[in-house]
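Going down the list, the sequences are from chains U and D. Numbering-wise (the numbering used here), the first sequence opens with residue 1 and increments by one. Numbering-wise (the numbering used here), the second sequence opens with residue 1 and increments by one.
Hints listed in this document are in silico derivations from the structure and should not be mistaken for laboratory results. Built from N, CA and C at the ideal position, the CB exists for glycine as well. Take these hints with a grain of salt, some might be off.
Unchecked claim - Cβ-Cβ distance ranges computed for the label pairs, FRET-style:
| hint | chain 1 | residue 1 | chain 2 | residue 2 | range |
| --- | --- | --- | --- | --- | --- |
| 1 | U | 23 | D | 10 | 36 to 46 Å |
| 2 | U | 124 | D | 53 | 16 to 26 Å |
| 3 | U | 27 | D | 91 | 28 to 38 Å |
| 4 | D | 44 | U | 85 | 45 to 55 Å |
| 5 | U | 40 | D | 51 | 25 to 35 Å |
| 6 | D | 92 | U | 95 | 23 to 33 Å |
| 7 | U | 106 | D | 99 | 24 to 34 Å |
| 8 | U | 57 | D | 104 | 22 to 32 Å |
| 9 | D | 91 | U | 51 | 47 to 57 Å |
| 10 | U | 40 | D | 95 | 18 to 28 Å |
| 11 | D | 86 | U | 106 | 37 to 47 Å |
| 12 | D | 94 | U | 84 | 41 to 51 Å |
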Amino acid sequence: MTLNWIGLVAAVSAFFAIWFGHVGVRKIEAASPTIWLPTLIALVLGLIMEAGALIVGDLYVSAALGIVGITVLWDALEFTRQQNRVKHGHAPANPNNPRHARLLAENKSATIVNWLEREPVGQRQNLTGQTK
Amino acid sequence: MNLFGLGLSIATLFIIGFGFVWAIRGEYYFGYLWWPYVMGFGFLLIIASLFVSSLWGSALLGIAGASIVWGSTELKEQAVRGEIGWYPFNPKPKPQPPFVEQIKKWKAPHL
Chain U
1 MTLNWIGLVA AVSAFFAIWF GHVGVRKIEA ASPTIWLPTL IALVLGLIME AGALIVGDLY
61 VSAALGIVGI TVLWDALEFT RQQNRVKHGH APANPNNPRH ARLLAENKSA TIVNWLEREP
121 VGQRQNLTGQ TK
Chain D
1 MNLFGLGLSI ATLFIIGFGF VWAIRGEYYF GYLWWPYVMG FGFLLIIASL FVSSLWGSAL
61 LGIAGASIVW GSTELKEQAV RGEIGWYPFN PKPKPQPPFV EQIKKWKAPH L
């Protein structure tokens with residue numbers, strides 16, 4: 001019997017696209033002084049990939065471009081959502097980034113602490129030293 | 001015009017969106033210690049996709065499998081989010097997965 005590799009191509013594309021959407025977006029948002037530039041780049045890249053998925057004849061390439069493209073389009077939104085997480089202290093601020101320094105100064109809940117860097121203990125945990 | 005990639009992209013949006021829902025709900029009711037079974041199930045779907053001859057069926061199975069493998073690595077952090085009050089915390093005892101003592105010795109993956 002012959003194996004159908006399209007599922008594996010789709011799986012690998014989806015996994016790395018989701019990975020970048022989680023890890024890459026966080027890193028870029030923390031480093032970038034502006035939010036509009038990464039948003040614009042993701043928007044343009046995502047649209048190019050979706051257009052590529054429509055034009056290209058090869059089904060494997062079309063699948064990969066479609067899957068990665070849609071997550072990159074979503075990432076365009078995630079830059080703003082990530083900034084809001086930083087504002088609320090749900091993601092650590094980078095004090096060396098002027099935009100984050102401003103968020104730290106203007107929002108009481110913003111912090112450089114990563115509250116998620118802990119193990120689950122099976123009961124409610126108090127965030128000690130909530131203020132920065 | 002090739003609508004395959006574009007169609008898959010729409011499906012991907014919903015599959016990943018559903019990933020957020022099941023990871024949050026699943027952790028709430030079952031706890032994060034089930035992660036190896038969730039991860040194994042995701043890999044099983046990806047392997048199964050190799051044996052599905054339908055183009056759409058195989059691709060969708062692969063995307064779902066990858067999304068489930070990813071979700072399995074999110075469960076531990078979701079447990080923390082509940083415990084520190086960012087998400088509802090379920091105080092009820094959770095069902096223990098088989099071989100729970102062994103699973104506790106492993107470091108739950110987080111990417």
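So, going through the hints one by one against the coordinates:
1. U:23 to D:10: 36 to 46 Å: violated (24 Å)
2. U:124 to D:53: 16 to 26 Å: violated (50 Å)
3. U:27 to D:91: 28 to 38 Å: holds (35 Å)
4. D:44 to U:85: 45 to 55 Å: Given a distance of about 33 Å, which is not inside 45 to 55 Å, the answer is violated.
5. U:40 to D:51: 25 to 35 Å: violated (42 Å)
6. D:92 to U:95: 23 to 33 Å: About 40 Å separates the Cβ atoms of residue 92 (chain D) and residue 95 (chain U), which means 23 to 33 Å is violated.
7. U:106 to D:99: 24 to 34 Å: violated (49 Å)
8. U:57 to D:104: 22 to 32 Å: Roughly 51 Å apart at Cβ, these two residues miss the hinted range, so it is violated.
9. D:91 to U:51: 47 to 57 Å: Holds: the Cβ-Cβ distance is about 50 Å, inside 47 to 57 Å.
10. U:40 to D:95: 18 to 28 Å: At 47 Å between Cβs, range violated.
11. D:86 to U:106: 37 to 47 Å: Given about 21 Å between the Cβ atoms, the range is violated.
12. D:94 to U:84: 41 to 51 Å: violated (30 Å)
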